[in-house]
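Novice: Hey, can you work out the whole structure from these sequences and the hints?
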Amino acid sequence: MVVDLGVSRGGVPVLEGVNFSVEAGEALVLTGPNGSGKTTLLRTLAGLQPPHGGKIVVPDSEAITYAGHADGIKAVLSVRENLDFWARVHGGKDIAPALDGFDLQALADRPAGSLSAGQKRRLGLARLMVTGRPIWLLDEPTVSLDKASVELFAGAVRRHLEGGGIAVMASHIDMGLDVRVVDVTPFRARAQVTRTFDEAFL
Amino acid sequence: MIALLIRDIRLAVRAGGGFGLGLAFFLIVVVLVPFAVGPETTLLSRIAPGILWIGALLACLLSLDRIFALDREDGSLDLLASAPLPMEGIVTVKALAHWITTGLPLVVAAPVLAVLLSLPEAGFLWLVLSLLIGTPALSVIGTFGAALTVGIKRGGLLLSLLVLPLYVPTLIFGAEVARRGAEGLEVDTPLFLLGAITLFSVALLPFASAAVLRMNLR
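Chains as they are written, first to last, in our numbering: chain A, 35 to 236; chain B, 55 to 272.
Incorrect hints may appear among the rest.
[Claimed, not checked] If you want a taste of the chain A side facing chain B, the calculated C-beta under 8 Å gives, among others:
| id | residue |
| --- | --- |
| 1 | E96 |
| 2 | I98 |
| 3 | G106 |
| 4 | R122 |
Since the hints were made in silico from the structure, they are not lab data. Just so you know, even glycine gets a beta-carbon here, dropped at the ideal spot from N, CA and C.
Specialist: Spelled out as structure tokens, the structure:
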């Protein structure tokens, strides 16, 4: 799925020669110290920035959904409205399973701005379920989640994998899932700055 | 796409969304002008088309940096970019939502406020028509400026400086239509040019905005 991939941030190569492949129903965890390029790798996989070199091979470019550090929640909309919006953007899936899956039913009509950090995170993760996309890219999904919520999340991921989905996440917490771990540290780019005009200009 | 439009309008109308911002600013400018230049009806009626157009333009400018900055801050923009919507479509819908929440209220409010500036009766129709044709261009050009400055924190100043020169042709021809209409002259030439600017912006700028936005998301 990923062949000899190089990623760069701000024109500086961060990782190079990254190789891995993920099969349907499998979860992959990326580890590495802060600043080692996990987020950049995930953003590149999500198609938000072009790779520095190499290839990303996915069966369908519309198959990927990404959940970053920010949850994309509008504070003045209610939980239901937030989720409903993303469901409609992605073709109108039912939001009830997502609300149930992350225990948000009781909060559904609260404005999202009044939620706690953990509750917001749950809403952000519930968004993944309404997209209906098979490949989830998750950047530190368990930040600010309590133990019970991590359980809920692990359950959601497990159901997703059982349905033939794929999850690639950057995380340091053991969620009790059967996962393969890839450490990105060995792929760190050698200290070479290739400043072509284009990248420097941008 | 319609979901995005509905969401943006809903966000604008709810608390802190900035729906009334442009309208209130327009009202303030137009109400203050007679105090500043004096209550002379002849003078006021002569400068009315220009003042109304400047007020509308600045009111439009005021809410531009909200178009993408808020979505960028809370991460929605990244998620929208990976959603099954074309970037050009997102940009167009954003511009449309901006026009509906800022431009359209200005068009509706303009004839009411024109009374305060004693605009001649013949000018009302042309004022409304020129704003109706011109304000979509202001929203589309402004969206392009907002896309250019989306990565910059507090980029409002840069955005205004970038966008103002691009607004000048719309202002010239828009105010010209309103002025000629008020004086009972032929309005065809500026009206057609105003329409041409709007059509040109609406047709081309979404592609430019989308390209710039993709680059800024990196």
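Novice: If a hint holds in the structure, say so; if it doesn't, say that too.
Specialist: For each hint, the structure was consulted:
1. E96: holds (6 Å)
2. I98: holds (7 Å)
3. G106: With a minimum Cβ separation of about 4 Å from chain B (threshold 8 Å), the hint on G106 (chain A) holds.
4. R122: holds (4 Å)
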